[in-house]
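Trainee: Starting from the structure of chain A, add chain B where the hints point.
Here is how the chains run, residue by residue.
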Amino acid sequence: MSTQQDSRPAPQAPDESPPQTPPQPRPHSATRSLLRLWPYVRPIRWFLTASTVSALLASLSALVIPLVLKDIVDGPVAHRDTAGLWQQGVLLLVLGLLEAGLFGLRRWFVARPLAGVERRMRADLYAKLQRLPVSFHDRWASGQLLSRATSDMYTIRLFLAFPLVFLIVNSMVFLTGIGIMFTLDWQLALITVLPAAPLIVLCSYFERRYSAAARLSQDQNGDLATVLEESVLGIRILKSFGRHRTMAARYRAQAELLRETELKKARLLANLWAVIVGLPELALGASLAVGVVQVAHGSTTAGTLVGFLSTALSLRWPVESLGWLLAYSNEAATATDRFYEVMDARPADAEDGPVREGTAVAVAAGSTTASAAPARDGIRLTDVRFRYPDAPAGSPDLLRGLDLHVRSGETMALVGLTGSGKTTLTALLPRLYEIDGGRITLDGTDIREIPRARLRELVSMAFEDPTLFSASVSENVLMGAPEASEEALERALDVAQAQFVRALPEGTATQVGEQGLSLSGGQRQRLALARAVVGAPEFLVLDDPLSALDVHTEALVEQALRQVLAETTALVVAHRPSTVLLADRVALLAEGRIAAVGTHHELLESNPEYRELMSGERTGGGAGTASGEGTEDGSLVR
Amino acid sequence: MSVTETDLTETEQGELLEESRLQEPALPEEDRAPAAGPGDGEDIPVPPGAPRALLRSLLAPHKARVVLAMLMITVQQAALQVGPLLVSYAIDRGIPALRSHDWGPLIAVTAGYLGCAAVATLLQRSFIRLSGVINQAILLEMRKRIFRHAQALSLDFHERYTSGRIISRATSDVDTVRELLNEGLQELLSVILSVVYIAVLLVVMDWRLGLASLASVVPIYLFTRGYRRRSQAIYRRSRTAVAQVIVRFTETMNGIRPVQAFRREAANEEAFAVSNGEYTDANAQGLLSMAQFVASSRATANIWITGVVVWGAVLVTQGSLQLGVLAAFVLYLRRLFDPVDQVAMFLNSYQSASAALEKIAGLLAHEPSVPEPGEPVTLPAKTQDAIPGRAVDFDGVAFAYRTGKQVLPRFDLRIPAGQSVAVVGATGAGKSTLAKLLARFYDPTEGRVALDGVDLRELSTPDLRRGVVMVTQESFLFSGTVAENIAIGRPDATREEVEEAARAIGAYEFIAALPEGFDTDVRKRGGRISAGQRQLVAFARALLADPAVLILDEATSSLDVPGEQAVQRAMTTVLAGRTAVIIAHRLSTVEIADRVLVMDQGLVVEDGTPADLISGTGRFARLHAAWRDSLV
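Those protein sequences? They're chains A and B, same order as listed. The working numbering numbers the first residue of the first sequence as 692 and each following residue consecutively. The working numbering numbers the first residue of the second sequence as 4 and each following residue consecutively.
Okay, chain A solo, but in the shape it has when bound:
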C-alpha cells in the first residue's frame, strides 16, 4: 500500500530540497511525525475514542463467544440440561449481535469525521500551495504535490481509521486472550503463546523488507510511468524520427526491472505467509495433542479444550496484524512528513515588511483620480538584481543592477536575445519572484509595500505560455477582472481578435481547458491576451503576446491593441519588429542590464546589437555572441 512516488523529477536529493525546509533527519521517530497530526485529529478525538472503545468491546465479545461455547458443551450438553441450553443460547445470540453491532458502530462513528479530516488536510494543503511563491513550484513537480494531496491523505486517513485504533485494540485483545487461555489451562496456554514471540519478530522482519521492496516498486512504477508519459507526449518527435523502437526498448527494460522487484515482493510475501500460517498451526497441533492427553486424564474437560482452541484461533489475527500495523504506521508517518514538507514551507508573504497602508491606498486612488505628481511616475526599476534560487552556485546573476523607467502611459518594448531574462523581468513586477536587490516602484510606491492582491490587480499579465483553466471562455477571460461588465468582455475579445469564440458551440459559455474543448495555440494566446486587457489595468505586462498568431491575425490584433496600450503603462516583451512597433520606446536587455533605450528607429541607427536582433544583419566583426561588447556602449544611452 505504499503510495509514495518519489521517482518523479523532484527535489529528493538533500542538496535539492527547498531551502525553506531543511532536510529532515530521515530516521527520526515515526511517533513524532504522527504526533504532528494532532491539530487535525483534535476536533474528532471523541469520535476516535468512541470508535476505539466500540472496536475493543466488539473484539472482547468475540473473545467471550468461545467461552460460551465451552459452557454449552460442558454444561447443558454434558448434563442434558435443555433449560440451561436456552439461557446460554440467548447469551450467545446477544454476544454475536453485540459483536456485529459494535463493529458496525466502530465504523459509523468515524466515517464522516475521518473523511472530514482528509478534506481539511487537503484543503489546507491546496490553500498553502497557492500561496507559496512561484520559486517553490519551480522546484516541485506537480505530480509530487498531487500525490501528497491524494494518496498521502488517503494513507493518513486509513492510518487513523485502522492502524491507530487496532494497535490499541489488538494489544488489549491479545493480553485479554492470553489471560483467558491461562485461566482455562495454563499449560496449553504456554504451548500456544510460545510461538507468538518468533512470529512477531519474523513478521516485522519480513514486513520491513517488504515495505522496502514496495517502495522500490513504487519508484520503478513512477519511472515506468515517466517513460510512458514522455513517449506519448513526444509522440510526434518519436514518429518523426522513427525512434519508437528505441523507446520501446527503454520501456521494456524498465518494465522488466519492475517485474524483478515484484517477484522479490512475491517471494517475501510467500515467506511471510509461510510463517503466519505455519507457526500457529504447529502450536495448535501441539496444544491439541497435549489437550487430548489432559482431557483423557481428566485434568481438563472437553469443553475447555474446545473453548481453548477456539480462543487460540481468535488470537491469531491480533498477533499477525502487529507487524503490518506497524509497517502501515511507518508509512503514515512518511506521508505526514511529506505533507508537512509543504506545510512548513514559508509562504510568499512571510518575509514581507509592513505594508504601508497609506501608500497602497494612494496607489489605489491614483487609478481613479489623477492625484499627486509622484503617483504618475509609471514603472521604475532601480538597480534590480535577481537570480533563480536554484541557479547553480558560481553562475552570474541573471539580472545585475538593472535600471529601467517606463513613463506613465508609455508602452515600452523589451527586447533581448533568447535567454537574456526578459520573461524573468516581467515576472518580477507582480512579485511572482522576489528581487534580490534594488527596488521596483509603481507610480512611486515600492511594490513590496503594496499588498500582493492589490499589486496584482494593478499589474495585469499575458504569459508567453497561455494557460487556460477548465472553465468557460468567459470565466477564463474574466479572471483578469471578475467585476468587469459584459461589454468589457466583448471589447477584450475584440481587441484580442478572439471573435472565434462566438462560433464555438456555446459561445463564451463553452467549456475549455483540460476537460473542455481544446483550442489551438493561437486561439489560447488570444484568450490570454483578452484576459490581460479585460480589466483595463493600470499596468500591463505582455510577454511576446503575438508569437503564435498568423500574419493576418497578428496585424488585426496589433491594430486593436494600440488603443488599449494608449491608455495604460505597458511593458511588452517582443521578438519581432512588428511587435516592437506597438511600443513608444524600446529597451534592450543584455548581460543582465538594460543596454540601451530609445525608439525603434533610434536604436536601429545607433545600436548594432539591436540592429542584429531585429534584422538579423550582422554588423562589425561581431560573430557569435556579439552581446558581450554591446553592453558598454549600450549603457551610455541610458
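Quick caveat, the hints were computed from the structure, so don't treat them as lab data. These numbers come from a predicted model, not from an experiment. The beta carbon of each residue, even a glycine, is placed where N, CA and C say it ideally should be. Treat the hints with caution; some may be incorrect.
Stated by the list, open to error - 27 Å max Cα-Cα, derived DSSO-like pairs, lysine-lysine:
1) A/Lys955 to B/Lys66
2) A/Lys955 to B/Lys147
3) B/Lys66 to B/Lys147
What the hints assert, rightly or not - Stretch by stretch, here's where chain A covers chain B in the computed footprint (C-beta under 8 Å, at least three residues):
4) 283-294
5) 310-319
6) 329-335
Mentor: Chain B alone, transformed into the frame defined by chain A:
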C-alpha cells in the same frame, strides 16, 4: 502490503482489506493521469469478446503453470480444512482410546495435524511464488503490448485520445488488473475452495446441521448483492469526484503563475472546496455503507452460528449427535462465515478490473490507421554526386477526417528534389495537414504521396523516417541530457557530431552556458530552457538526422530574429540540397524559399517563386506588402 486470508479470519482484517481494495485502485490514476476526465467511458468502441480474447492470449503461454497453481491451492485448502475434523476425531476417538491407554489415535491425529500444517504452509508459499511468476509475466506482456500499440497508433488517434487516457491505460488500469491478479484471484480461489470443502464436510459430518448451516448462503448473498450495488454507485461517484479534485489541483499547480498573477487564490479555494467536499462525501458514504454491510453480514453469521450450535446441542443431549462433531461444527462455522466480507470485496475488485481490462482491450483492438507495409519497398539508392534531397509527389491526393469533413480536396503537387517550398495561409487552410501527409502521420483518403516515386505506404518505417523528418511547433524535451535530446535525431552520433549540429543551428552557445553544458539534465536544476531554446534543440536534432526531406511546421514561432536566421543559414548550408517544406507565419522565412504555395480552405491558390508572387497582385503580394511596412 497485501494480506491474504487463509484461516480463521477476524473481522477487521477483512474490513481493512475491503476498504483498501475499494479505494486503492483509484490511486495510481490519481497520481499519474490527471488528464483522464470523466469522459473516459465513451472513448473507443470495444469489439465484443475483446477482453476475453485478450485474457486468453495472455494466459495461453502459461497454461501449465496455471494448472499447477490451481492444483496447489486445491490441495493446500484441503490440508487447511482438515484441522477441525482432526479436532473432532481427537475428542471422539483419541480421548476414549487414550483412556484405554491406546496412544495410536492421538499420535495419528497429532501427526496428521502437523503434517497438514506443514503441507498447507509449504504449498501456500509455493503458490504465492508461482502465481507471482505468472502474474508478473502477464503484466509485463500487457504493458509491453500497450506501449508498442500506443506507439504504433497513428497521430490522428493520439490527437483524439488524450495523452492522459493512454497513460492511465498503461498505469492505473494495469494496476487494477494487478490488484485482482495478486490478491483477488488467490483469495477467491481460497474462499471458494474453503466454502466448498466446509460445505461438504458439514453435510458429511451431519446432514441436518450441515444443510441448516448452508441455508445461511441465502441471506448473506442478498446482503452482499445489496452492498455491491450501493458500493458500485458510490465508487463511481467517488471516481468522478476525485477526477474533479485532480483536475483542479493540477491545473492550479501547473498554472501557478496566472493563478497568482490574476489573484485566483480565493476563487480557486471555493471551487476546490466544492470538489473536495463532493469527494469527501462520497468517501464517507462508502465508509458508512461498508459499516452497514459489515454489521448486517456479521450479525447474520452470528445468528446462524447460535442457531446451529443450539440445535446441535439439543441433538447432542438427545444423543443423536456426537460431542466432537458439534465441536468441529463450531470451529468450521466460524471459518465458513469469515470470508463473507472478502467475497464482497473481491466482487468490487473484480468489477473494476474487468472494466480496466475492457478499456485496455479496446485500446489494443484499435487498428492503426497508418499501418506498416506488409512488404516494404526500399528507396532507390542515391548516386554519389546527386543532391541529397528527394522528389515529392502528391498524386490526386485528398484528405478528409474520419467524420467525413473534407480538409484537402483532391489535388496534385510535385516538389522536385532539392526544392524548398514555403506554405502560407491562414489558420485552418490545411497547411499542417499537407505536412502531416508528407510525414505520413496521416494517410490520404484518396491518391498517393510518393517519395522519389515510391508510395509512402510501401516504405518501411526506418526508410521513411530516414527520408522524411518533421520539426513541429511544440518542442518537447525528453528527460535526459541536452546531448541525448539532440541525439534522438541519430542515436549513433558521436558527441562531436551532436555539438556540430548544435553549432550549425546557433544553439551551441546557450547549451555550453548551461550548468553542465551538453550534459545538463533538462528536467533538473539549472535546466531552465526557454521556448525558443527548445526549438533550437529540436532543430539541432533534425539537423543531426540529416533527412532527404525536411518539414518545418511552424517550427520557428518562438525564435527571435537571430535564431530564425541561424535556422535559415543552416537551411542553405548544412541542409543545402534537401527538399524542404516550410510552414511559417513569418514572411521572413518564406523569402528564402525557392517556391511559395498560398493555401486557402484546403486549396493551393497561389504557386510561384517568392519574387513572382510579391510582384503580382495576389494575396501573397498583399500580405508581403503589409509585412514590409511593419518592418519599416
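Trainee: Which hint numbers doesn't this structure obey?
Mentor: Going through the list in order, the structure violates no hint and respects every one.
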